[in-house]
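> Kindly produce the complete structure, drawing on both the sequences and the hints.
So for the sequence shown, my numbering puts the first residue at 1; every next one is plus one.
Keep in mind that the hints were calculated from the coordinates and are not lab data. Glycine residues also receive a C-beta, built at the ideal position from the N, C-alpha and C atoms. Where hints are given, some of them may not hold.
With a cut-off of at most 20 Å between alpha-carbon atoms, the simulated EDC-like pairs for lysine to aspartate or glutamate come out as follows [what the hints assert, rightly or not]:
1. Lys38 - Asp63
2. Lys38 - Asp82
3. Lys38 - Asp51
4. Lys49 - Asp34
5. Lys49 - Glu8
Restraint-style ranges between C-beta atoms, simulated for each label pair [as the list claims (entries may be wrong)]:
6. Arg4 - Thr89: 35 to 41 Å
7. Ala39 - Leu144: 31 to 37 Å
8. Leu96 - Asp51: 37 to 43 Å
9. Ser48 - Glu170: 35 to 41 Å
10. Asp66 - Gly25: 34 to 40 Å
11. Arg7 - Ala132: 17 to 23 Å
12. Arg30 - Glu120: 36 to 42 Å
13. Asp66 - Leu23: 21 to 27 Å
14. Asp34 - Ser128: 43 to 49 Å
15. Arg4 - Asp169: 39 to 45 Å
16. Leu144 - Asp51: 18 to 24 Å
17. Glu20 - Asp169: 21 to 27 Å
18. Arg29 - Asp169: 55 to 61 Å
19. Gln33 - Gly173: 21 to 27 Å
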Amino acid sequence: MAERLDRERVVRAALALLDEVGLDGLTLRRLAQDLGVKAPALYWHFASKADLLHEMAATMLRDLVDGEAWDEATLAGSPWQDCVRDSATNLRRMLLAHRDGARVFSGTLVTDEALRDAVEVPLGILTSAGFAPDDAARAWGTVLSFVLGFVVEEQAVGGAGADGARGFDERFGFGADVIVAGLAARLR
Numbered sequence: 001m002a003e004r005l006d007r008e009r010v011v012r013a014a015l016a017l018l019d020e021v022g023l024d025g026l027t028l029r030r031l032a033q034d035l036g037v038k039a040p041a042l043y044w045h046f047a048s049k050a051d052l053l054h055e056m057a058a059t060m061l062r063d064l065v066d067g068e069a070w071d072e073a074t075l076a077g078s079p080w081q082d083c084v085r086d087s088a089t090n091l092r093r094m095l096l097a098h099r100d101g102a103r104v105f106s107g108t109l110v111t112d113e114a115l116r117d118a119v120e121v122p123l124g125i126l127t128s129a130g131f132a133p134d135d136a137a138r139a140w141g142t143v144l145s146f147v148l149g150f151v152v153e154e155q156a157v158g159g160a161g162a163d164g165a166r167g168f169d170e171r172f173g174f175g176a177d178v179i180v181a182g183l184a185a186r187l188r
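Right under this line is the structure:
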C-alpha cells in the first residue's frame with residue numbers, strides 16, 4: 001500500500017530533494033517523481049512552487065524552534081547581547097543545514113502563528129533591556145537580514161573546506177559583534 005501523501009510528507013521530500021539538487025534543480029515534476037505521484041497531485045497541497053517554498057521555510061524554522069538550539073528558557077536567561085549572538089548563530093545553522101537554505105528562506109512568508117510566537121522571546125529580551133518595541137523589532141529584522149545575506153554568500157561559494165569554514169565563522173562572529181555593538185550604542 002502506498003504511503004499517504006500529505007503536506008508534511010511533500011515538504012520533507014522537497015527538503016531532501018533540495019539537499020540533493022539545490023534550489024535550481026527543485027521542480028514540482030521532479031518532486032512528484034520522487035514521491036511516486038503525478039505532478040498535479042502536488043497542487044492539491046500547494047498552489048505553486050512559491051507556496052511550497054513558503055512552507056519549506058516555515059518547516060525549517062519550526063525545526064529550529066522545536067529543537068534544543070532555540071530553547072526559550074536558555075534564551076530568556078541570557079543577557080540581551082548573548083541572545084542576539086546566539087539567535088544569529090542558530091539561524092545560520094538552520095540555513096546551512098540545507099543546500100541553498102538561505103535562498104529558500106529569503107523572501108518567503110512565514111505565516112505560522114506558533115513561529116511568530118517564538119520571535120516574542122528575543123523581542124521580549126530586547127524590550128526588557130530597554131529597547132522600544134519598534135526598535136526591538138528593527139533590531140531583530142537587522143539580525144535576520146545579516147544572517148540571510150551572510151549565508152547566501154557562504155552557500156554560494158560552498159564553504160571551501162575547513163579553512164574556508166573557519167574563515168566564515170570568524171567573519172560571521174565579527175558581524176554579529178558589530179550588530180551587538182551598534183545596538184548597545186543605540187540603547188545608550
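> Confirm or reject each hint.
Structure-based check of all given hints:
{"no.": "1", "hint": "Lys38 - Asp63", "result": "violated, 28 Å"}
{"no.": "2", "hint": "Lys38 - Asp82", "result": "violated, 48 Å"}
{"no.": "3", "hint": "Lys38 - Asp51", "result": "holds, 18 Å"}
{"no.": "4", "hint": "Lys49 - Asp34", "result": "holds, 16 Å"}
{"no.": "5", "hint": "Lys49 - Glu8", "result": "holds, 15 Å"}
{"no.": "6", "hint": "Arg4 - Thr89: 35 to 41 Å", "result": "holds, 37 Å"}
{"no.": "7", "hint": "Ala39 - Leu144: 31 to 37 Å", "result": "holds, 33 Å"}
{"no.": "8", "hint": "Leu96 - Asp51: 37 to 43 Å", "result": "violated, 24 Å"}
{"no.": "9", "hint": "Ser48 - Glu170: 35 to 41 Å", "result": "holds, 40 Å"}
{"no.": "10", "hint": "Asp66 - Gly25: 34 to 40 Å", "result": "violated, 28 Å"}
{"no.": "11", "hint": "Arg7 - Ala132: 17 to 23 Å", "result": "violated, 38 Å"}
{"no.": "12", "hint": "Arg30 - Glu120: 36 to 42 Å", "result": "holds, 38 Å"}
{"no.": "13", "hint": "Asp66 - Leu23: 21 to 27 Å", "result": "holds, 24 Å"}
{"no.": "14", "hint": "Asp34 - Ser128: 43 to 49 Å", "result": "holds, 46 Å"}
{"no.": "15", "hint": "Arg4 - Asp169: 39 to 45 Å", "result": "holds, 42 Å"}
{"no.": "16", "hint": "Leu144 - Asp51: 18 to 24 Å", "result": "holds, 22 Å"}
{"no.": "17", "hint": "Glu20 - Asp169: 21 to 27 Å", "result": "holds, 26 Å"}
{"no.": "18", "hint": "Arg29 - Asp169: 55 to 61 Å", "result": "violated, 38 Å"}
{"no.": "19", "hint": "Gln33 - Gly173: 21 to 27 Å", "result": "violated, 42 Å"}
Going down the numbered hints, you'll see the structure goes against 1, 2, 8, 10, 11, 18, 19, while the others check out.
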